[in-house]
Each structure stands twice: as C-alpha cells, then as structure tokens.
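Residue numbers (the working numbering), protein chains in the order written: chain A, 6 to 687; chain B, 11 to 382.
For the record, the hints were derived by calculation from the structure and aren't laboratory data.
Treat the hints with care, since some could be wrong.
Unchecked claim - Derived CB-CB ranges, DEER-like: (1) B:His98 to A:Asp551: 37 to 43 Å; (2) A:Gln506 to B:Thr272: 30 to 36 Å; (3) B:Asp33 to A:Gln506: 40 to 46 Å; (4) B:Gly367 to A:Asn238: 34 to 40 Å; (5) B:Glu151 to A:Gly548: 19 to 25 Å; (6) A:Arg44 to B:Gly372: 22 to 28 Å; (7) A:Asp551 to B:Arg142: 36 to 42 Å; (8) A:Lys547 to B:Gly111: 45 to 51 Å.
Yeah, the Cβ is synthetic: ideal placement off N, Cα and C, and Gly gets one too.
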Amino acid sequence: MLVTKNAAELCALLVNEIYGQLPSRIIAALLARGRSNVRDLALYTSLNPKQVRHGLALAIQHNLVFYQTDHETAATTYEANPQASYHLVRVGKILDVINRKYGTMAKNLVNDLLMLGHVEVAELIRYHKLKHGRKKATLNGNQNHDHEHDLDLDLEDGEPDDPFNNDSHDVNGNGAGHSAADDMKPIQVDQVYDTMAQLIAAGVAETVSTTMFQSPQDLKASVEQECMKEFPNGVRGAKITAEFDGMVKSQIKAIGAERSITKRKLQESALYEPSNIKRRKLANGGISNGFAGDSGGSVLREEPNTVVRLNFDKCLVELRNQKLIEHAEDFVGDTTAQVFAALLASLCRKVYRCQHDQHTIMTEEEEETYFTGVRVTTEEVFDHLSPGIDLSTGIGTASEEDIDIRFAEKIRKYPPQIQGSNLHGTLDEGDEILGSDDEDYDRTGERPTGAYMNGHQNGSVAQNGTTNQTGTSRIEQIRQMRQHLLILAEAKQQFVRHCGQNEWTVDFGPLIQQLRYVELDTMIEDSFGRQGLRLTRILREKGKLDDKTLPAMALMRKPDVHVKMAEMEMAGFLEVQEVPRDNNRAANRTMFFWFFDEARTLKRVLDNAYKSMVRCLERLEVERYKKRNVLSVTDRRDVQGHEEEMLRGDVYTEYLEFLDIEKKLLSQVSRLDDLVSIFQDF
Amino acid sequence: MDEQTPLLKKQLYEACEEACSSDPDRLFTQEDLTALDVIPPKDIKKLLQLIQILTNERLFAPVHLHSGLAWRLRPEAEAAKYKQLTSHDQVLVYEIIDAAGAEGAWQQDIKRRLNVQDNALRKALKELEAKRLVAQFTTVENISKKMWIKANIKPSSRATGGPWYTDQFLDEAFIEALQSVVMSFIKNRGSYLSKGERSARSVSPVLPKKGVINGAASEAAIKSKKRAADAISKDDTPVAPPAKTRKTIRLPLPAGYMEYPTTEEITAGIQAAEVAKGQPLKQEHVQELIDVLVWDNRVEEIRMGNRVGYRAVRIGKQNPSLYSKPGDEDFWEPRSNGLTTAPCGKCPVFDLCEEGGPVWAGGCEYFDQWLA
Chain A
6 MLVTKNAAEL CALLVNEIYG QLPSRIIAAL LARGRSNVRD LALYTSLNPK QVRHGLALAI
66 QHNLVFYQTD HETAATTYEA NPQASYHLVR VGKILDVINR KYGTMAKNLV NDLLMLGHVE
126 VAELIRYHKL KHGRKKATLN GNQNHDHEHD LDLDLEDGEP DDPFNNDSHD VNGNGAGHSA
186 ADDMKPIQVD QVYDTMAQLI AAGVAETVST TMFQSPQDLK ASVEQECMKE FPNGVRGAKI
246 TAEFDGMVKS QIKAIGAERS ITKRKLQESA LYEPSNIKRR KLANGGISNG FAGDSGGSVL
306 REEPNTVVRL NFDKCLVELR NQKLIEHAED FVGDTTAQVF AALLASLCRK VYRCQHDQHT
366 IMTEEEEETY FTGVRVTTEE VFDHLSPGID LSTGIGTASE EDIDIRFAEK IRKYPPQIQG
426 SNLHGTLDEG DEILGSDDED YDRTGERPTG AYMNGHQNGS VAQNGTTNQT GTSRIEQIRQ
486 MRQHLLILAE AKQQFVRHCG QNEWTVDFGP LIQQLRYVEL DTMIEDSFGR QGLRLTRILR
546 EKGKLDDKTL PAMALMRKPD VHVKMAEMEM AGFLEVQEVP RDNNRAANRT MFFWFFDEAR
606 TLKRVLDNAY KSMVRCLERL EVERYKKRNV LSVTDRRDVQ GHEEEMLRGD VYTEYLEFLD
666 IEKKLLSQVS RLDDLVSIFQ DF
Chain B
11 MDEQTPLLKK QLYEACEEAC SSDPDRLFTQ EDLTALDVIP PKDIKKLLQL IQILTNERLF
71 APVHLHSGLA WRLRPEAEAA KYKQLTSHDQ VLVYEIIDAA GAEGAWQQDI KRRLNVQDNA
131 LRKALKELEA KRLVAQFTTV ENISKKMWIK ANIKPSSRAT GGPWYTDQFL DEAFIEALQS
191 VVMSFIKNRG SYLSKGERSA RSVSPVLPKK GVINGAASEA AIKSKKRAAD AISKDDTPVA
251 PPAKTRKTIR LPLPAGYMEY PTTEEITAGI QAAEVAKGQP LKQEHVQELI DVLVWDNRVE
311 EIRMGNRVGY RAVRIGKQNP SLYSKPGDED FWEPRSNGLT TAPCGKCPVF DLCEEGGPVW
371 AGGCEYFDQW LA
C-alpha cells in the first residue's frame with residue numbers, strides 16, 4: 006500500500022474511530038516516523054512508556070502493528086501495518102458480505118473477531134455466547150456490557166497467546182448457564198463451532214501463528230538470516246546463490262504450510278464434497294450456511310487453543326466479487342449478473358487473495374491456483390446458482406441465422422495481456438481468427454441451440470399455456486445459463502473467459518484493470534463532460550498527439566479543445582510535453598504534445614480519494630463536537646438503546662439529525678472506499 | 011519555322027489531350043511525348059521546338075520532378091486566360107496560383123517564391139482579382155492566412171474541412187445531430203427492445219421471449235434498407251408507445267450475434283434516412299463519427315471474424331422508458347462513484363484543503379450545503 010500523507014492521516018483516523026485515541030496516536034507516530042522502539046514512541050507521542058505499551062498491545066491484538074525482536078540485542082521494534090488499519094473502513098461491507106454468504110451466525114462471529122482481534126477459538130465462542138446469547142434477554146443488558154468491558158481489558162493487557170481459561174469446562178459451563186437463561190434463542194455450541202470451522206475452511210478466518218506478527222519483509226529477512234547460518238563461507242557464485250534462494254523459498258513455503266494446517270484439516274473433513282454442498286443447498290434454500298457434517302466443528306473442538314483472526318485477504322476476494330457483480334449488472338443486466346455471481350462463488354472457493362507481491366506467503370496449493378488460474382465447469386456454476394433466478398430473462402432474441410455459434414462459443418485458452426495503457430486482445434486477439442482450426446470453439450452449445458429453436462417455435466405457435474414440458478428440465482436451464490455466460494465472455498470488459506470445453510474462468514487482473522478505466526472515465530466524464538472524456542480516450546489510445554491532430558480527430562473546434570485540455574491539465578488528468586523546434590524556445594516555434602499518464606493519474610486519483618475520506622471523517626469529528634451536548638447524554642449506558650423514551654423531544658430530534666449526518670458521511674466514506682479498492686486492492 | 015510546325019503542334023496537343031482524357035492530371039515526360047508517334051522518332055530538335063512553342067502558348071505547364079522535367083496539359087480555355095494578363099508580375103503570380111490548384115496559394119508563400127515587393131504583389135493580385143481570374147478564400151486550417159485560388163475552381167476539401175465545416179466553421183450542431191442518428195441506429199439494430207408484455211402474464215421462466223421483435227432488429231430490416239431508414243427516424247413513437255414505455259427495456263442480444271451494424275450499413279442507413287441531404291457523407295466520414303462515439307464511450311466495436319460491427323455500451327441502461335423527453339435518443343443513466351459526488355469530488359479548492367489551512371473540513375461550506 007502506498008502510504009501518502011493523506012493515507013497516513015486516514016489510517017490514524019480510522020483507528021481512532023474504532024479503537025480510540027491511544028492506538029491511533031501510536032499508529033500515526035509509527036506511520037510518520039517509521040519503525041521505532043517503545044522509548045522513541047514515547048518521545049514522539051508525548052505519552053509515558055506504560056501508555057505506549059498499553060496502546061501497542063491493543064494494536065498488536067488487532068494486527069495494526071508488526072513487531073520484530075532482534076535476537077542478539079533483544080530489542081523490539083514496532084512498525085505500522087497500514088493495510089490492516091485501512092481495512093477497518095471495510096468492516097461494515099465485510100460483515101454484510103459474510104452475512105449474505107455464510108449466514109447471520111457467521112456474521113456475528115466475524116463481528117466478534119473484529120472486536121477481539123486474534124483470539125482462541127474457545128474464548129471466541131465463549132464471547133460469542135455471552136454477547137449474542139443474551140442480547141435478546143433484556144434482563145442482563147448491563148451485565149453483558151460489563152463482560153465485554155472485562156474481556157477487552159483482558160486482551161489489552163497483553164499476553165494474547167497465553168491460554169487464560171480452561172476451555173471445555175468454561176465453555177460448557179457458560180453454555181449451560183445460557184441455555185437456562187434465555188429461552189428465546191438458545192445458541193448451540195456445536196453450531197457455533199461448525200460455523201467457525203466453515204469460516205476457517207473457506208479462508209475467511211485464519212489460524213494465527215507467531216510469524217504473523219512480523220511484517221512479511223522482516224519475516225523473509227529473518228528466514229534469510231537463519232539460512233545464512235548454513236553457509237558459513239558466505240553466499241557467492243551462481244550455484245550457491247541458487248541453493249540459498251531455494252532454501253529460503255522452501256522455508257517460507259513451510260511457514261505457509263504451517264499456517265494452513267488447520268484450514269487444510271477442516272477442508273478435508275468432507276466440507277467441499279459437491280454432494281455436501283448440494284445437500285446444504287436443498288436444506289437451506291440457497292444460503293450455504295447450515296454446514297451439515299459435524300466433523301468440522303469437532304476438529305476445531307479438539308484444538309480449542311487454536312488462535313484465530315479474520316483474514317482480510319479472503320474478505321477482499323468476497324468484496325471484489327461483490328463489486329464485479331455490480332459492474333456486470335451495470336454493463337449487461339440483472340439476470341446475467343446473478344449468473345456471474347454464481348460463477349464467482351464457485352470459482353472463488355479456491356481464490357484466497359486478490360493480489361500478491363514477492364513477500365506474500367502462499368502455500369503450494371495456493372500458488373498453483375494463483376498462477377495457473379482456477380476454472381470451473383458449467384455444471385459447477387449451475388450448482389451455485391440460486392434457484393429463484395428466472396434464467397430466460399435478460400437476453401433478447403435473435404433469429405438463429407444471425408447467431409454464429411463459432412464466435413459465440415469461441416474458446417480462448419490464454420488470458421489477455423495487459424500492454425501499456427491499453428488492453429489488447431480482449432476480443433479480437435488471442436488465438437487467430439478461426440480459419441481452418443475447427444477445434445477452436447465449444448460445440449456443446451450447438452445441439453441444444455437447435456433444440457432451443459424448436460422450443461422457441463413451439464412457444465410462439467402455442468402462445469398461451471403449454472408452459473414447460475421440455476421446460477424446467479435441468480438441461481434446458483443449463484443451456485440458458487450458458488447463454489448468459491457467453492454474453493459475459495463476449496462483453497468488451499471480458500468478465501468471463503471461456504477457457505475450455507464447458508470450462509470457465511475469470512481473468513481478474515485484466516478485468517480489474519478495465520474497471521479502473523471505467524471508474525476513471527466516469528470521473529472524467531463527470532467533471533469535464535463528454536468531450537473531455539473523448540479527448541482523454543483518444544490520447545490513451547493514440548499516445549502523444551499535437552494540438553493540430555487532436556481537434557480533427559475529436560471533431561471539435563480548436564479553441565474548444567484547447568480550453569478543455571487546459572482544464573484537464575490543471576486538474577491533473579493530462580500532461581503536456583513541449584518540444585522546441587529551435588534553440589529560441591519561442592512559444593510559436595514549439596510543438597506541444599498532449600498525453601495521458603495513466604500511472605500518475607491513478608496515483609493522483611487514489612490519493613484524492615484518501616484525502617476525501619479524511620475530510621469526511623474530520624467533518625464527522627466536527628459534527629460530533631457541535632452536538633457534544635446531545636451525544637454526551639446518548640453515550641450513557643442507561644440511555645443507549647432507549648433513546649426515544651429517555652430523551653426529551655427536542656434533544657431526540659437533534660440526535661436524529663446527527664445520526665442522519667453521520668450516516669451520510671460514513672456512506673460517502675464507504676463509496677470512496679469502493680474506488681480505493683478498485684484502484685489499489687482488488 | 012516551316013509550315014509543318016503549327017500542324018505538328020496541333021497534332022501533338024491533340025494526341026496529348028487524348029492520352030490524358032482518362033486522367034486529367036497526367037504528366038508527360040519527354041519519353042511519353044515521343045511515344046505518342048506525332049514527331050518523327052529521334053527528331054529531338056523538333057520536339058524541343060514544339061514543346062517550346064506550346065509552353066509559350068501556356069498549353070503546356072512545366073513541372074519539375076525528381077526524375078527530370080515533365081509537362082502537364084493545360085486546357086485551351088485556361089491557356090487563353092494568360093493572354094489577358096498584362097504585366098510580367100501578373101503572369102508570375104497567376105502561374106503560382108494556377109499551379110497550386112484546389113489547395114490554393116498562401117500570399118506569403120507567393121511573395122517568398124517570387125521575391126517581389128509587397129506593393130507589386132498586392133497590385134498584381136488586385137489586377138488579377140479585377141479580371142476575375144483569382145479569388146481570395148480562407149482555409150479551416152488557418153483562418154488568418156490569406157489564400158488565393160483560381161476563380162473558377164472550388165477550394166479542396168482539405169481547405170474547406172470536408173462535410174463537417176460550413177463557411178469555415180465546424181458545424182457542431184450538424185455533427186451532434188448526425189451522432190444521435192448514428193447512435194440510435196446502432197442502438198436499434200444492436201439490441202432487443204423488450205416491451206415488457208410478457209410480464210403481464212406469468213409465463214414460465216423457460217418459455218422463450220414473446221416480445222415483438224423490433225422492426226429494426228428483425229431479419230427483414232437488415233436485408234432491406236427501407237426499413238432501416240424508418241428505424242432511425244427520430245420520432246420513436248410507433249416503436250415505443252408512451253403508454254407502454256414504463257416496461258420497455260433494451261436487452262443485450264445473445265452472444266455470437268452477427269448482425270451488429272457495420273460502418274457500411276450505418277452509412278447506407280444515413281443515406282436512406284436523408285438526414286444529410288446537402289452533404290453526401292462518405293464511409294470515411296461516418297467512420298469518423300463512429301470513432302468519436304467510441305471515444306465517447308457510447309459505442310463499442312465488436313469483431314466477428316472479419317466483420318467489424320458496433321453496438322451500444324451498457325445497453326441495459328439506455329432504456330427508452332427512462333427518456334427524459336420523448337425522442338431524446340441519447341439518454342442513458344450516468345454512472346457515478348465516490349469522487350464524482352459531493353462534496354469533495356466537485357470541490358474547486360480541493361487542493362487547498364488542509365487541516366488548519368484556509369479551507370478545512372470543519373468550516374467547509376460545501377459540506378454545510380451537503381449535510382443540510
């Protein structure tokens with residue numbers, strides 16, 4: 006993550022918003038000053054070391070800070086983890102997506118995880134029961150809060166790895182107590198364990214190992230140091246270097262494998278058997294929440310000391326899917342977007358992260374799927390499709406001779422290349438145009454098309470009634486779904502790649518790149534109108550152009566073009582290069598070339614988004630200050646949740662006004678985060 | 011000069027005329043002239059003499075090529091005009107303007123090439139203009155340049171700017187109107203107009219669509235230019251009656267659709283629609299229009315083998331039912347994102363905005379407006 010001044014400010018504000026001022030100050034200092042030890046931090050933040058340690062414990066608990074202890078000097082240095090701080094802005098979205106995909110209990114569990122940072126499974130479940138088990142029981146509202154408070158303190162006091170409760174006894178005891186206390190909605194411990202197991206297996210939650218508290222760079226460095234001991238004579242020469250690199254790589258792989266032991270175990274426990282999925286789907290009507298087999302939960306139960314935390318990488322994948330579906334809806338249509346959603350859902354079972362760099366630690370299985378890409382079959386997609394969708398809608402009809410099946414079903418074996426500022430090979434490149442190569446397209450579509458045409462004719466002859474003799478059959482529905490997939494594959498954005506006989510994949514990299522352009526274009530069109538968009542797109546396609554060619558191409562008047570270009574240059578969307586024709590550098594003897602610097606523009610826009618978010622949060626702070634009289638009342642424990650009854654009429658209206666403002670500002674922040682995600686994280 | 015010479019001269023000129031009847035701009039080299047079989051072969055001297063006479067009579071215009079000297083034929087009527095010229099300056103100036111042809115000659119250029127006084131040049135031009143031999147005009151490339159052209163020909167399309175220019179000015183209204191015609195043509199031919207009739211009855215989900223195929227999208231319309239013409243007629247009322255427009259939506263066509271309109275078809279459509287009567291639009295002009303629409307992000311290219319068709323972008327968002335006013339074909343739902351909306355996305359002083367600076371979030375009037 007590129008940490009600009011605005012980004013640093015934003016991170017500090019976000020931490021402040023959720024975890025309070027103490028960690029926020031420490032994070033801000035760490036971001037500004039870089040890696041520091043406790044003494045330095047105390048100096049920078051004007052806090053005493055005890056407070057600093059306290060804040061650091063909280064930050065470490067939530068992975069907002071990495072630390073690294075030097076073996077020789079035993080000195081510990083701390084470093085900010087801006088990515089984790091930034092992720093806090095997505096908390097709401099993540100909860101929403103989890104709720105939709107894994108059900109309410111999963112959402113509550115994730116919420117608890119976000120509150121607690123990393124935590125032992127047994128402890129998490131105890132907390133979960135405490136919080137959600139009693140929520141409905143109005144009697145114990147206060148007690149609930151006290152517990153929460155205690156827990157937070159416990160955690161903040163550090164020693165996160167220290168097992169501080171005897172699990173099974175404690176949990177069971179609690180469970181018993183609760184089921185007696187609230188008869189409204191008893192929480193089954195088994196069910197909680199199962200949901201947790203499901204989350205871990207899906208990758209939404211991950212098990213924590215000690216290596217996770219180091220930044221990936223530090224981790225690599227320490228592994229390298231470790232390996233260096235094997236080479237007392239130093240690493241010189243090609244052969245030794247290769248050996249050394251191999252060793253480091255395998256060590257890091259081992260770390261990755263160690264991290265995913267539990268996940269693998271849970272995945273193996275019959276979780277991802279297709280039959281299982283289908284069973285679940287039938288039972289729960291689409292939402293794959295129930296998790297039929299109890300083996301996952303029992304695996305987890307046997308290891309109650311497993312420490313877990315939320316895995317933002319996987320959550321990002323879910324958010325990315327969400328965004329892609331929205332875009333598919335925008336570009337193609339609603340039904341098609343639903344099909345796309347099903348495709349993504351089945352595809353992303355094996356996708357654990359959106360991006361990777363040289364420091365990303367992956368297991369071998371992840372690496373394989375990452376680099377070769379994952380593909381799914383039509384059948385798998387269909388299994389993930391929610392049954393309520395009317396697949397016949399959303400596509401127009403055309404007479405059959407207008408449809409060329411060879412083009413519709415064309416198979417593209419290789420992903421498009423990202424070249425410079427333009428994406429080539431979206432539709433026309435790739436394999437050569439058919440010609441003699443007949444194996445180039447998927448023939449599965451052919452026969453059913455004939456059948457479909459028959460169906461069509463039948464339908465139009467017998468217009469009313471005769472709904473579905475051939476109809477609802479699975480084959481017919483799959484055929485209709487394929488039509489949607491083919492449209493997605495044909496779209497200019499290439500949402501989907503038809504990569505083999507009845508196999509589909511998504512090239513996330515190029516697709517996201519396209520979406521970046523879409524967002525950029527939206528911005529340009531909004532600020533500079535259609536003509537501004539036209540000019541920038543010409544420049545993006547053609548490279549540098551002088552101000553004679555441009556008006557002719559854009560069919561615009563020269564003065565208009567100049568005004569627009571100057572405007573856009575001021576706003577930083579365009580750059581101009583001056584090439585003097587002689588040594589005098591007189592303006593009339595100089596050629597001006599306009600161009601569009603994509604990387605720079607993206608960076609600028611990204612930073613603007615950060616800045617805009619910072620301003621919204623700052624404004625929120627100001628609004629809170631303005632309404633501090635009201636808010637001090639509503640902050641009281643006895644008022645919370647009962648505002649309407651407890652507050653005086655005018656105070657209550659004022660409170661509602663504030664809530665409205667807060668909602669506006671926070672939703673604006675969330676919209677801006679959508680942009681940041683596309684430009685940076687997806 | 012013997013009595014044979016005028017005869018030979020006439021013969022040579024006529025032979026040349028005949029040789030270049032198909033291509034009026036043909037150039038004749040010495041070899042070409044010998045090959046015409048008028049002059050006895052090897053009689054270079056005679057040829058030279060004849061060329062000299064013809065050149066003097068302005069029937070031949072010498073042209074300097076890299077390979078040597080060549081001559082272009084000048085029609086007798088044109089040659090006769092030289093006889094009206096009275097001064098040497100006039101002849102020189104007229105020669106340059108004549109040679110420039112439809113492109114015209116820039117006054118500064120003439121001056122530089124002849125190396126004459128400004129006064130003399132202006133005098134000569136004035137005299138020529140009075141004799142109605144030359145005329146002044148302006149080119150769209152540089153309006154301030156004084157350009158001269160022979161009075162009896164029209165400036166080239168490069169100088170006038172082709173169909174997009176009217177009186178040296180870019181005719182933006184014309185371009186815009188044509189764009190919307192092209193846009194609606196592409197939209198109608200490249201999408202399926204669902205009238206929403208089937209939603210009234212609850213039809214089984216698998217039954218194929220019953221919506222009436224839009225006339226423009228049907229096979230018949232594609233084959234016959236006539237139907238295509240009324241498909242792009244501006245008043246869309248017969249296609250989408252206002253009573254039903256609420257449920258009328260455009261849908262994408264199935265993958266592999268081969269009939270997305272190509273440039274040729276769009277050109278034919280425009281010609282059939284007779285929207286641009288005075289200005290016959292050629293294919294390359296229509297291509298320019300389409301390119302602009304592509305850059306505007308309204309239309310996208312779609313290749314099916316060798317066929318390059320065009321279709322509208324985000325067809326689902328170009329719903330006739332959402333027209334702001336009837337007949338407004340170019341409507342679509344604009345996209346938006348976090349930075350296009352208030353307050354910071356539109357802020358004119360965003361760069362100045364700073365905590366503790368002259369503009370800051372707490373005292374920002376744009377925020378005040380937005381939150382109010």
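Status of the hints after comparison with the structure:
Range check, His98 of chain B to Asp551 of chain A: Cβ separation about 41 Å, and the 37 to 43 Å hint holds. Take Gln506 of chain A and Thr272 of chain B: their Cβ atoms lie about 31 Å apart, and the range 30 to 36 Å holds. Hint check: Asp33 of chain B to Gln506 of chain A, Cβ distance near 58 Å, so the stated range 40 to 46 Å is violated. Distance hint check: the CB atoms of Gly367 of chain B and Asn238 of chain A are about 59 Å apart, inconsistent with the given range 34 to 40 Å.
Between Glu151 of chain B and Gly548 of chain A the beta carbons are some 23 Å apart, a value that agrees with the proposed interval 19 to 25 Å. Between Arg44 of chain A and Gly372 of chain B the CB atoms are about 35 Å apart, so this pair departs from the stated range of 22 to 28 Å. Hint check: Asp551 of chain A to Arg142 of chain B, Cβ distance near 39 Å, so the stated range 36 to 42 Å holds. The beta-carbon spacing between Lys547 of chain A and Gly111 of chain B, approximately 31 Å, falls outside the hinted interval of 45 to 51 Å.
When each numbered hint is compared with the structure, violations occur for hints 3, 4, 6 and 8.
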